[in-house]
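Trainee: Using the sequences and the accompanying hints, generate a full structural model.
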Amino acid sequence: MAFESILWDLDDDPDGNVRHCAEHGVTKEEVEEVFEHVTDTDVSRSSGHPVVFGETRTKRHLMVVYEPIGDDSVYPITAYEVPRRQRL
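Here the numbering used here = 1-based position in the sequence shown + 1495.
These are computed hints drawn from the structure, not numbers from a lab.
Bear in mind the structure is a predicted one, so any value in this text is a computation, not a measurement.
Among the clues, some could well be false.
As the list claims (entries may be wrong) - Now the in silico label distances, taken between C-beta atoms and shown as ranges:
{"#": "1", "residue 1": "D1510", "residue 2": "R1552", "range": "24 to 30 Å"}
{"#": "2", "residue 1": "T1534", "residue 2": "Y1570", "range": "17 to 23 Å"}
{"#": "3", "residue 1": "P1545", "residue 2": "G1511", "range": "17 to 23 Å"}
{"#": "4", "residue 1": "D1535", "residue 2": "D1507", "range": "29 to 35 Å"}
{"#": "5", "residue 1": "P1578", "residue 2": "H1544", "range": "26 to 32 Å"}
{"#": "6", "residue 1": "R1579", "residue 2": "D1506", "range": "26 to 32 Å"}
{"#": "7", "residue 1": "T1534", "residue 2": "P1509", "range": "28 to 34 Å"}
{"#": "8", "residue 1": "R1580", "residue 2": "L1505", "range": "30 to 36 Å"}
{"#": "9", "residue 1": "G1543", "residue 2": "D1507", "range": "25 to 31 Å"}
{"#": "10", "residue 1": "E1562", "residue 2": "D1506", "range": "27 to 33 Å"}
{"#": "11", "residue 1": "T1536", "residue 2": "L1502", "range": "16 to 22 Å"}
{"#": "12", "residue 1": "D1504", "residue 2": "R1579", "range": "15 to 21 Å"}
{"#": "13", "residue 1": "P1563", "residue 2": "H1532", "range": "16 to 22 Å"}
Glycine residues also receive a C-beta, built at the ideal position from the N, C-alpha and C atoms.
Mentor: Quick look at the structure:
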């Protein structure tokens, strides 16, 4: 799953996606790492937005909730650390 660009709000926007991720202890760099190394996809049960799962260089397993923008861009809404999913 490759996207041409990841769209970020300004770092100091109190309602922006950078702050929403930071509230969960996740950096922009970690979100970008997850998009580079997606291990699974799904849909958020609470919002209906698509989500991706992946691991960062520091071995954190994150879920990123995002909105697709066109065919090749994404707008991360939020991200947080989650347990690894077990497949049956």
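Trainee: Decide, hint by hint, whether the structure agrees.
Mentor: Here's how the hints hold up against the structure:
no.	hint	result
1	D1510 to R1552: 24 to 30 Å	29 Å, holds
2	T1534 to Y1570: 17 to 23 Å	21 Å, holds
3	P1545 to G1511: 17 to 23 Å	19 Å, holds
4	D1535 to D1507: 29 to 35 Å	32 Å, holds
5	P1578 to H1544: 26 to 32 Å	20 Å, violated
6	R1579 to D1506: 26 to 32 Å	30 Å, holds
7	T1534 to P1509: 28 to 34 Å	31 Å, holds
8	R1580 to L1505: 30 to 36 Å	33 Å, holds
9	G1543 to D1507: 25 to 31 Å	29 Å, holds
10	E1562 to D1506: 27 to 33 Å	19 Å, violated
11	T1536 to L1502: 16 to 22 Å	19 Å, holds
12	D1504 to R1579: 15 to 21 Å	29 Å, violated
13	P1563 to H1532: 16 to 22 Å	18 Å, holds
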